[in-house]
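Numbering (this note's numbering), first residue to last: 550 to 706.
Simulated from the structure, these hints should not be mistaken for lab results. Since this is a predicted model, take the numbers as computed values, not measurements. Any given hint could turn out to be false.
[To be verified] Have a look at the derived ranges for each label pair, beta carbon to beta carbon:
no., residue 1, residue 2, range
1, L597, S623, 22 to 30 Å
2, L622, L678, 17 to 25 Å
3, R588, R660, 50 to 58 Å
4, G669, V580, 15 to 23 Å
5, R660, L622, 23 to 31 Å
6, V580, L645, 42 to 50 Å
7, E581, L608, 38 to 46 Å
8, G606, R628, 18 to 26 Å
9, S602, G677, 14 to 22 Å
10, V580, D609, 34 to 42 Å
For each residue, glycine too, the CB sits at the ideal point set by N, CA and C.
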Amino acid sequence: MNSAPSLKVVASSKPRGEQPLAEASIGPLDVETMRSYYRWGGHLSTALVRIRSKFDGDLDQCLLYLIFLLAELSEAMPRGPRPPQTFRRRRGLNALSLAEITQIPRETARRKLLALVERGYLVREGDGLFTLGEAYDASQFFDDLKPLLGETVQAEK
């Protein structure tokens, strides 16, 4: 009996306070698809290692920073008549909102946000809101992701 290879993912332990994950089977995969997933996984791990190094190994900080990048990109997207950039106020985010978005505990998110401020990745405004800093901009971040994204995302310089 000659069947196509199958990729099966099985949880080895359950996270604290959660039910064990059910066994998930992706089904039969042809060899080319498996090679493609393998290459993509290699690109993913390379990109994560590169990005992780920019955040002192803290992927939660990376996630928080990504929220700011996405907010900045969302603000920059054309959506019809809008006031000129000079008249628009840059909106910030607070620690509670970011904790809810990322599912990181509020106090942990606040501590990580302050660490990002210390490194210049974020700025804390007088009203307590956080905004994107200048130390690591969107084009640098997406340059680090290029091996993973290929030509899908082109950050303009």
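Taking the CB of G669 and the CB of V580, does the distance hold inside 15 to 23 Å?
-> At 47 Å between Cβs, range violated.
Just tell me: holds or violated, for the beta carbon distance of L622 and L678 against 17 to 25 Å?
-> Given range 17 to 25 Å: holds, Cβ gap about 18 Å.
Taking 23 to 31 Å as the hint, is the beta-carbon distance of R660 and L622 inside that range?
-> 26 Å, holds
CB of G606 to CB of R628, is that within 18 to 26 Å?
-> Given a distance of about 37 Å, which is not inside 18 to 26 Å, the answer is violated.
Determine whether the Cβ-Cβ distance between V580 and L645 falls within the hinted range of 42 to 50 Å.
-> 49 Å, holds
Could you check the hint for me, namely that R588 and R660 are 50 to 58 Å apart, CB to CB?
-> 37 Å, violated
Between V580 and D609, does the C-beta distance stay in 34 to 42 Å?
-> 37 Å, holds
Take a look at whether the Cβ-Cβ distance between E581 and L608 falls inside 38 to 46 Å.
-> 31 Å, violated
Between L597 and S623, does the C-beta distance stay in 22 to 30 Å?
-> 23 Å, holds
Given the range 14 to 22 Å, decide if the beta-carbon distance of S602 to G677 lies inside it.
-> For S602 and G677 the Cβ distance comes to about 30 Å; the hint is violated.
Checked against the numbered hints above, the structure breaks hints 3, 4, 7, 8, 9 and satisfies the rest.
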